[in-house]
Amino acid sequence: MTAAISADGIRQRYGDVQAVDGVSFTVEAGEFYGILGPNGAGKTTTMEILEGVRKPDEGRVELLGMAPWPRNPKLLPRIGVQFQASAFFRKLTARETIRTFASFYGVGPKRADAMLERVGLSDKAETLTDQMSGGQAQRLSIACALAHDPELVFLDEPTTGLDPQARRNLWDLLRDINNEGRTVVLTTHYLDEAEVLCDRVSIMDHGKILHTGAPAALIREIDDTVRISVASGQLPVERARELLTAAGADVATLEDDTVSLSVSTRLPAPVLSVLAEQNALRGLEVRGATLEDVFLQLTGREFRA
Amino acid sequence: MTASTSTEPKVPAQRGGSAGAAGGQERVSAFWSLSRAMLLGMKRDRTATFFILLFPLVFLVFFGSVTKGSTSPHAKVAQVGAVKLFDSIQGDERAGLDKVLTITKTDDEAATLEKVRKGDFDALIKQGPDGQVELRYTAADQVRAGALQGILNSVVQEANQRATHQPAAYVLDAQQVEDKSLKPIQFLTPGLLGWAVATGAVFGAALTLVNWRKSKVLRRLRLAPISAGTVVSSRILVSLLTALLQTSVFLVVATSFFGLKLTGNWWLVIPLVACATLAFMSIGLLAGSVAKTEEAANGISQIIVLPMSFLSGSFFPMDGAPGWLQTVSKVMPLHYLVSSAQSVLTRGGGVMDALPTMGGLLLFAAVLTGIAWKLFKWEDA
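Same order as they appear, the protein sequences are chains A and B.
Mapping the first sequence onto my numbering, position 133 (from 1) lands on 133, and the numbers just tick up by one.
Mapping the second sequence onto my numbering, position 33 (from 1) lands on 33, and the numbers just tick up by one.
Since the hints were made in silico from the structure, they are not lab data.
Hints are supplied without guarantee of correctness; some may be wrong.
As the list claims (entries may be wrong) - Beta-carbon label-pair distances, calculated as ranges:
{"#": "1", "chain 1": "B", "residue 1": "Leu244", "chain 2": "A", "residue 2": "Glu180", "range": "27 to 35 Å"}
{"#": "2", "chain 1": "B", "residue 1": "Lys261", "chain 2": "A", "residue 2": "Ser122", "range": "52 to 60 Å"}
{"#": "3", "chain 1": "A", "residue 1": "Arg13", "chain 2": "B", "residue 2": "Ala296", "range": "20 to 28 Å"}
{"#": "4", "chain 1": "A", "residue 1": "Ala67", "chain 2": "B", "residue 2": "Glu294", "range": "49 to 57 Å"}
{"#": "5", "chain 1": "A", "residue 1": "Glu238", "chain 2": "B", "residue 2": "Ala296", "range": "22 to 30 Å"}
{"#": "6", "chain 1": "B", "residue 1": "Pro307", "chain 2": "A", "residue 2": "Glu180", "range": "56 to 64 Å"}
{"#": "7", "chain 1": "A", "residue 1": "Gly288", "chain 2": "B", "residue 2": "Gly229", "range": "53 to 61 Å"}
{"#": "8", "chain 1": "A", "residue 1": "Gln18", "chain 2": "B", "residue 2": "Glu295", "range": "25 to 33 Å"}
{"#": "9", "chain 1": "A", "residue 1": "Arg13", "chain 2": "B", "residue 2": "Val351", "range": "53 to 61 Å"}
Because the structure is a prediction, the values reported are computed rather than measured.
Backbone N, C-alpha and C define an ideal beta-carbon position, used for all residues, glycine too.
Whenever a hint applies, use it, and build me the whole structure from the sequences.
In structure tokens, the structure reads:
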């Protein structure tokens, strides 16, 4: 069976910036695939090349066995795209918006309305889109992308700017979409989102894919790192560094962001005993590695969304 | 991968083989729903409605009211003492004279002369030596001063001729070729209508294009299985409906409230406006293709529409303008719309007056659309 997506060596340059620098990957049908990286990593450009909106300088892309560039009307009904900014016609209600977009695919008003219900916007059907909250607009945008029942769905940072409650609701929706058998490609700069939703994640920075794998597997590869943090203000960073060095602790990172003093280490015991000796255990938290640590290890720098 | 089997059978079934008939139907429904979306959006956008419909109407009402019934230059003349020639005019002739002149009798010559200087009177007449009639006028309004001299001269000539007790050998029978009721409203209506249609079509096309590109609606349309032809033709439909609405509102208001009299072939204004709308849309398309932001699109459109309206005689006739300006106005589509609309609406022009204009406007639209097509960008970057 053909892969849902195969990308091979795609490159895109804007002036002096190499936005995408030789990206290759394959997404199997039915997979929930994530592209994770900070802003400016090249995620959106990669998505645009996959969707067929942009022609890459180099490289080859196939969606469902067909090239997305140049515009291929046979392929278009089989893919659904949700946009980072909510792209709606001006001054239309939610119902009018989804019915209009659905009609482009020959999908009738009944199915469009059902899709609105599906994303929980039935009670907002008569609301103008410019009066909707960020979460409602995102859900409408996703509903518009799904109205024609596509096999392959692209979601570009769908939860950016949403409150935690709205994010969780949206996650449930996205999981359902994938469980129905659709292939979903998601970009995000939220590590927790990638961890919760994706079957497989590619970590991207400076236009390159650094590593690809299941989130759990990626974390397991570096699971020897433990992150210890206590409330800030109990022990100055410099003093902590001296004490930890004196105690022979193997410290990967040490920092104080004015809320907490955090230490990453492979050997938690000496760190904990130093903190205990200094009576600096208020707000103590010890946790295993996350995707954040994976990113740190891959790039040598802190993940900044 | 395995889960996908549950939904996949639905997918091909929906889009299956009958691409022909179903495809055609899809396109039709996409065309109508896209047109409907744009019309609804425009109807709900109060600013757009104001600029497209109400603003030009305000101009029509304003100019229409200001110029209402002020066509014949009626002169006010002060007569100092007795003037034999004028005092002797009686009956029908007197009534005719009163239509164009209001003669006020006074005695104080110096005070009256001062009043003429100030503009309270247009002229002063008094009895000179022998048969002389002295006229002292102000040249503040040269047209009126000229008309006044002409009137008084003809009165004197007529009196001279009568004094010879001979029938007149030559008589001038002058008649205006237009409908005798040709009032300012007759050229204001086509002019302001042209301006309104140009504003609506240029701004409509330019702003829609830039707004769609910026908000990524354009990308969404590009990713939907509809053709560029569907998108363009529905935008044309919306612009045409807007222009025809403007035309009917203008004609109804001008005929009902300002005494516009339509001539026989007035309906030719409909195909004229339709062709002009396409020409103006092509200007807007070009502006929208070049502009990156809505502000820029707005500015470019304004820079084109406003001078074009002045030069094309939308607000006042260009007959008195210098030759080079009139030449400039001849490359502007609005010039042809305004003059042809005047011709068919108020001067009894026929199909042959409108057809060449319509052809020219369509050619203009085709050329500019071609250029816009070359410059067109789907995306910002």
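Status of each hint after checking the structure:
Checked against the hint of 27 to 35 Å, the pair B:Leu244 and A:Glu180 fails, with Cβ atoms roughly 47 Å apart. A C-beta distance of roughly 56 Å is found between B:Lys261 and A:Ser122, which places it inside the suggested range of 52 to 60 Å. A:Arg13 and B:Ala296 have their C-beta atoms about 26 Å apart, which keeps the hinted 20 to 28 Å range intact. At about 34 Å, the CB distance of A:Ala67 to B:Glu294 disagrees with the hint of 49 to 57 Å.
Taking the beta carbon of each, A:Glu238 and B:Ala296 are about 54 Å apart, not inside 22 to 30 Å as hinted. Checked against the given bound of 56 to 64 Å, the beta carbons of B:Pro307 and A:Glu180, roughly 58 Å apart, stay inside it. The beta-carbon spacing between A:Gly288 and B:Gly229, approximately 58 Å, falls within the hinted interval of 53 to 61 Å. One distance hint, 25 to 33 Å for the beta-carbon pair A:Gln18 and B:Glu295, holds here, with the actual separation near 32 Å.
Separation of A:Arg13 from B:Val351 is about 58 Å and conforms to the stated range, judged on CB atoms against 53 to 61 Å.
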